[in-house]
Amino acid sequence: MKPVNVLLGVAFALVSFTKAQQGDLFPLSVIHFNDLHARYNQVNLEGFTCIGQERCQGGYPRQVSAVRQLQAAAENSLYVNAGGSFKGTLWYTVHRWEVVASMLNVLPADAMTLGRFDFFHGLEGLNPFMAASETPVVLTNVDNSAEPSFVNFERSVVVERSGRRIGILGVIRPDVDAVGRPGNLTFSDPVEAVRNESARLAAEGVDIIVVLSYYGLNNDRRMARNCGPYVDLIVGASSNTVLFSGDNADFPLEVQGQYPTVELQSDGRRVLIVQAASYGRLVGNLTVYFNDDGEVEQWEGNPVFLDSNLTEDPEVMSALLPYREEVETLGNRTVAVSEVDMSRQDCVTGECVLGSLICDSMVRAFFPVYNGIALQNRGGIRGDLQASTITYKQLFEVLPFENQLFSLLLRGDHLMTVLEESVRSATVSNGTVQAWDLLQVSGLRATFRITNPPGRRLVSLEVLCQQCTGAVYEPINPFREYRVALSSFLAEGGDRYAVIAREGMDLEEGPVDLDAFEEHVERLSPIRDAEAGRIRFVF
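Under my numbering, think of the first position of the sequence shown as 161, with each following residue one higher.
For the record, the hints were derived by calculation from the structure and aren't laboratory data.
Please note that a few of the clues may not be correct.
[What the hints assert, rightly or not] Quick list of the computed label-pair ranges, beta carbon to beta carbon: (1) Arg315 / Phe639: 39 to 45 Å; (2) Thr611 / Gly653: 26 to 32 Å; (3) Gly653 / Gln425: 35 to 41 Å; (4) Pro635 / Arg315: 41 to 47 Å.
Just so it is clear, CB atoms sit at the ideal spot from N, CA and C, and this is done for glycine as well.
Taking the hints into account, I'd like the entire structure generated from these sequences.
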């Protein structure tokens, strides 16, 4: 193999479980990315807008530079996109599918699959992209028989490298309708779909099979163990997982697992799994060595961190020019000033300033007609705000999904069920709670005892009195109906809150969540804090 440009800082670790020499094996260099989510500008370490003195890196222009160098250095390269290209920045909000197609077509991949948020604006927002894409779209577990408008995709594709046939499959999480609008498409079990399609390809003489999987690392591990005897490599997405092998002391991102992650099937056969974080910060680079039977013998490689020393690709920068002015005019507008840092990570360990502000903005969106309670799921909060000037694009990164707000009536006992469900999976260690599903609130004071069994963790719930003078809280009445503001995502039962969709009544439509949030922080500026004491943990 040719040497790789030193700017990439690629760390290689050779792994061998046999005495075979590399010269006897077929090398395939898999170059991959996932969950770009329209990061066409450089980003900070978390993948969001660089502000102040933050060091900037990453972004799609650097990604393309890295891929070109890796392709030039590889004997047999395979460049793939594991999904999640849409949504996440103002580039997409303003220009939708057109800018995504334009950017990805600068350097077409050998294959790509789709992520759940690629369906966010329905098939009318996705079909034109698929027609324009110069990269084959692979969807193995999608059935379009009831949706004839959805075309321009394949169940699998086969490419050749040095006379070897390589099959590429693509699967997506079946719960697309939880965040997107897939029309009448149906989604089968990814594992079963992969098992069937890989067997079909193997019968046709394809002996190397790669799966692009928008399914998350834990599901990919399960798939690897149960997908049958033909799949060699799963290129993952969705969980935004940072994988790295070897000494990671100087690696700038927090490592969450081995690159590749190796799963053993019941007969001892190995299946490799890779993923490259998210938001244009990494490019995956794994070279796999196959024997004559198409079985994995050895591998080497690690993801490439796209640091600021890597030049942004001039062709991508040029292709962005027609789209840039409108995006920057909207995004750079100053909305407010904050005197406090607001991190979404704080929303995992308890109430957080950012979540409280969002919930307060929801309540205010329906004031003075309604003045009640608000709920916000942690997964809907996607960015942080620092103690600095706040621009519109930073607000957008916090709430990028453009969810409509709704106000509905929910009986007290059902509201208690919702709060109880939000801590079902919570854990506590050394006095610190980890509650990934914890709902942020306004108009409530909730007390939880996480050491209790799931289903018995909500020990107290008080509601802000609407008829009282001042901030007076009173115990919730299980039989009374309360007015609750929340996003369309929660109103429709997202994040497993089916009780809201089933029991919620008298829906009233409000503004888009981002619009309400913008109005609220602009009115509060300068932001100093939010009312505390909404969520409490006792031990």
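Results of checking the hints against the structure:
1. Here the CB-CB span from arginine 315 to phenylalanine 639 is close to 53 Å, at odds with the stated 39 to 45 Å.
2. Our hint of 26 to 32 Å for threonine 611 and glycine 653 holds, since their Cβ atoms are close to 29 Å apart.
3. Restraint check, glycine 653 to glutamine 425: a C-beta distance of roughly 36 Å satisfies the suggested window 35 to 41 Å.
4. Under the hint 41 to 47 Å, the C-beta atoms of proline 635 and arginine 315, about 57 Å apart, miss the expected range.
The structure is inconsistent with the numbered hints 1, 4, although it conforms to all the rest.
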